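Asks: Each chain, written out:
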Amino acid sequence: MSGNYVEFTKEMKKDYTILAPNMLPLQFSLIAKVLETEGYNVELLQNSGTNIPELGLKYCHNDTCYPAILVIGQFLDALLSGKYDTNKVALLYFQTGGGCRASNYISLIRKALKKAGLGHIPVISLSLRGLEKHSGFKLSLSALHRCVYAVLYGDLLFSLRNQCKPYELISGAAQTLAEEYCDKLIRKMSADGISFKKFKANCSLILDAFAKLPRKKEKKVQVGIVGEIYVKFSPLGNNNLEQLLVDNGAEVTIPGLFDFFMYCMYNQISDYILYKKGRLFHPAIKFAFNFMLKKQAEVIRLIKEHGVFRAPAKFSRVIELTEGYISHGCKMGEGWLLPAEMLELADSGVKNIVCTQPFGCLPNHICGKGMMKPIKDRNPDINIVAIDYDASASQVNQVNRIKLMLANAK
Amino acid sequence: MDVKTEYLLGIDIGSTTAKAVLIKNRAVVYEKYARHFSKVREKCCELIKEIGNIIGDSPMSIAISGSAGLGLAESAEVAFIQEVFATGEVVRYMEPDTSCVIELGGEDAKIIFFDGGIDERMNGSCAGGTGAFIDQMATLLDVDPDTLDRLSLDYKRIYPIASRCGVFAKTDIQPLLNQGARKEDVAASIYQAVVNQTIAGLAQGRRIEGKVLFLGGPLYYCEGLRRRFIETLKIPANNAVFPAYARFAVAMGTAIYAEKNGTVLTGEQLLSRINLAPENTVSQNRLPPLFADPKEYREFKSRHSGSDVKRCDAEAYRGNAYLGIDCGSTTTKLVLINEDKEILYSYYASNKGNPVEVVKDELKKIYALGGNRIKICGSAATGYGEELIKNAFGVDIGVVETIAHYTAAKYFMPGVDFILDIGGQDIKCFRIRNGAIDSIMLNEACSSGCGSFLETFAKSLGFDIEEFATRGIFAHNPVNLGSRCTVFMNSSVKQSQKEGAAVEDISAGLSISVVKNALYKVIRASSPDELGENIVVQGGTFYNDAVLRAFEKELGKNVVRPSIAGLMGAFGAALCAMRVKDSSLIKTEELNNFTHQAKSAVCRGCTNNCHLTVNTFGNGKRYISGNRCEKGLGEEFSGKPLANLYRFKRGLLASLPEGDGTVGTIGLPLALGMYELLPLWHGIFQSLGFKTVVSSPSTRRIYEKGQFSIPSDTACYPAKIMHGHIEELIEKTVDAIFYPCLTNNVNENSGNNHYNCPVVAYYSELLNGNMDLKDRTKFLYPYLDINNPSQLAKGIGKCLEGVFGKFSSRALNKAVKRGIKQYKEHMKLIRLEGERSLIEARENGSRIIVLAGRPYHVDPEINHGIDTLINSLGLAVVSEDSICHLTDMPVQLGVLNQWTYHSRLYRSAKFAVENKDVQLVQLVSFGCGVDAITTDEVCSILENGGKYYTQLKIDEITNLGAVKIRLRSLLGALDEKEGE
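Residue numbers (my numbering), protein chains in the order written: chain A, 1 to 410; chain B, 1001 to 1980.
Just to be clear, a hint being listed does not mean it is correct.
[Stated by the list, open to error] Partial chain A-side listing against chain B, Cβ under 8 Å, derived:
(1) Lys58
(2) Cys65
(3) Asn104
(4) Leu141
(5) Ala143
(6) Met332
(7) His365
(8) Lys373
(9) Gln395
(10) Asn397
(11) Asn408
[Said to hold, decoys possible] Computed list of lysine-lysine pairs in DSBU-like fashion (alpha-carbon distance at most 30 Å, straight line):
(12) B:Lys1557 to B:Lys1310
(13) A:Lys277 to B:Lys1794
(14) A:Lys277 to B:Lys1817
I should point out that these hints are in silico values taken from the structure, not numbers from a laboratory. Small disclaimer: the values here were computed from a predicted structure and weren't measured. For each residue, glycine too, the CB sits at the ideal point set by N, CA and C.
The following block holds chain A by itself, in its conformation from the complex:
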């Protein structure tokens, strides 16, 4: 436990607003809903604008990774806006832990709060590696269970929206539909609880709804986005890369959030395989992992049987793909998942890839840029461009490189 720690107490749970960054609107609002049913008042931050990186730069070391600068900037922008009673808010951040400096985000947020004279605000980290102790913040097994569904729903909506958006006849229809279902699912989840059966039924409903969306017949060039998790997903982090690609006539494929969670879990399994670490918990983790694998497999089966949309690869397949490229022991940041996602995209026919990373991202030296040569050597038809994101990286240069990738797109 690091310094500057402020506990989130049971008292606070009653009337505090918990602010969380909105990295992935669909998935995160579903998770937020789960937390809400647990009695937490969670609000996903929607603020944007140049004030965010400015504040981030002001309150943390300027060589810190760009996601940290943005997250801290977004929190402070919200806290200083006057919109919230700073004596009645807490901050929530999802963090992965591990040897990457990203595991220091919570400490950096606390340091920044202290510097801004807001050191009394509790910061809660939501991590798969066990939580810091906050007497007022506990997640039940059932809540975690529902989070699994929330992410699966979110990923499905996200994927279907991306597959429809470039072809929609009515502009914005796919997004509207995804949001609509997001709301519906939120209501359903709190109204009738969850069961695997209902889950499957809902997935089928969603698939049908998207299949009915009027779409153009043409086939556009497919571009995948992989990379550091924040800049890969967050429009704030990647200057709205997804929209840029769609505007330039591409269909965007982004591997979902579920895989990232699976990756985090699998790392504990590979710790056991490699070093016989965590012998005690191994059976439980393996059980949970297989449980999640099965849920994912079911969604994939439904998509395939439905027959209209591209289904992601099973995570067990993603694991196999790194064979000969990188070991599963490489697990800081996105680790081996990053090349695995590139390979999975290529495997499923998406040969054009944007690999996003914050400028100077340490794990990505190895897992991103370091893996491009071996991947290109063995997959000569793959077309990857690496783009760095930073508080003052020139957008023109970014766009120009993306244009080059698109000009070569297959």
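Chain A is fixed; fit chain B onto it per the hints.
Replies: For chain B alone, kept in the frame of chain A given last:
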């Protein structure tokens, strides 16, 4: 396209130039190459009008390309083609048998390989080595690009210069110039740097062979650059093609592309489209103006006119005087004052690469002016050239820069709390508490938002700095340009120009950036209160009212800017000179016979290979600079050397024997984590019967050997040098090379975890992926857990099995045991030496510096001999791992303490706090992401404990002059504090 047109028009608008080519019947009928000074539309219209004059209103098939053409093509709805793709078009058309194209542009560098599927590569976001870089370097040499090229042809030797970014290169070039290196050699070295950058950064291991086509403006214009490319790549003359259309290649490709995909328009139509096209919306990224109205400006002016210093007429003055000389990295300043501290004479100008000449001329003037009336009773020198000037002219005392500045600031504001000095090349800030300097902050190599930065921009926009600054004062919507490094800023400025920002707004925006850089990167302040109440700003850059105003606005406070902002160092030195009794300053007649010669030499005293400059003066006196230790001075070294744990650790590692094992030879690359764990691996392999071959200590040459396979340029130097060590071991034909992946490091039970940083942990994966090792060696990089002996034994056995057969688990366990024992003994020796050094230093009464970094920072190529340099200042050097056991973890850390190496830093900082005679200096490798976290924490541990924090940032290159100043500032502040 339905309409067939005779004419094909390709327009290529790059970051600095616009190119147009008009083709008819496969022949070029018009071509033009012109700098656009960011006035993209105007330049474009100009070219189109010229074309109109030739072909009237015949329709053309038109396409646009280039980074600056992108926005224009979109808003004018004209076909666009990415420029690398356009290059591909032209090559297929003109030179179909090309294997490789190298194209350099204003801000981009590209390589296209054609053999075996097209492979196109562009430089990343942080890569110099382009036209803009060459321009910047020419400015630095004070010549135009053509002269630079002419000079380069007459070179005799090549110096290593970092080309990764202009800021770094500057740090390399400035000392070369100051040391009197020939401009011809520097010019050729600059080109060589560009060549290395292109090959290392873009080819990344892929060989450049076959027919190579060189394109782009810089390659077309610079003969010297072409020569460097041919020589470096060793391409036979007939295979290196420098076509006449090199500058127009992209525009031609664009025209060819337009044949099928272009937009058909007449010149008139195109013009009206461009004129009617919506201006790219003014980005919201604007800031409030510096002054609301002229009245506010007048008030501001009159407020600052108060901080003046009295001048006294030197022609009339009779009496004693004191001289201060501030010999900076780029400028030399002199101030002569009378007994009443009034200024008799002052001088401020560029040192033109030879400060000695400048000072000589000025002294002559002063002597002539003073005649017999003025008697110089004391003199003092300060700044980079302090020692040189002191030796040359018999100056009485040397004053540490910080002290000189503080003395001057105190004169203007006796209770000063904070001094910010922004000069041409550096930013210095000191906080004063209880009448002593309390903390010193200096800019790093990579945040030089300083004066020369503004000047370079002013020049590139066609203004002199004064006019540029004045224009910024009344800007309405200053552009928000961020606060990162110059290279990024460059692109941001160009982008804002494309968005139609006025020069006024850019000027003001840059001033604001300089201020933000100082406040948030150097001072790291988040609230103005941290700076205190009484703030003095100085340095030449603060003559610029826009900068001064931006600073006051950002701070929300008024500050004092002395009227002699640029002369403060010299003025302070003159004030210090008042305490001199008998002046030894050079006399008139000696001055008239004064001669000075500088010769460069390389010291062979040790592996540091210091580049020395031997200065010989007319009176037979000699002064040698550039040395890190006494050896280079040609003097017999007497007495026992001071404690130096870095030297000690190098010795320990070098003493591990290769052995005469017969099972096989294992190569161990001496870089990154190997510096910590070599004794462990050595012990294990020796026990198993292997001969162990350790790669030689790093040198620049070793780095260059492996440079070509580095995929990520922004990784730290300690990692990048690993490629060279692997190459070296391959040359030594070992049976296998071993460098394992270690998620965790040694568990010293001092934190929440004991990770390695991602780069140390997994760099082997990158090496394996990028160095084509399969056919050249066996590379073993197992994932191991070194904290679990039995697992470690199993892991080692498994990785060896494929190459050397099976080892019994008994042998493996025994080996691991021996390895661990050897490692523990090794660490024990380090700790004992640490303790011994402390005792010895205390007996001698010398101060102790904890030079705190990572184990691999003991590598002399990585630390540039800084340990020896510290010794030469009379200080004992201990390493973080030799003393951190003498204390425990600070109770409250503001960060997650989860890395083994870094946890030692925190303990070392605490140790420094607990010991009065111990100071901590932190070594930080450029690009080390983890240190973005540790530096703030180490700094706060030290400062909360009443200690100074000193950080030295190191990379491929480093400016030892700046390092020396930093260390001397620390010592000066300590002396003063203790003197109180």
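Asks: Let me make sure I understand: some of the numbered hints might not hold for this structure. Which ones are they, in numerical order?
Replies: The structure breaks hints 4 and 5; every other hint is satisfied.
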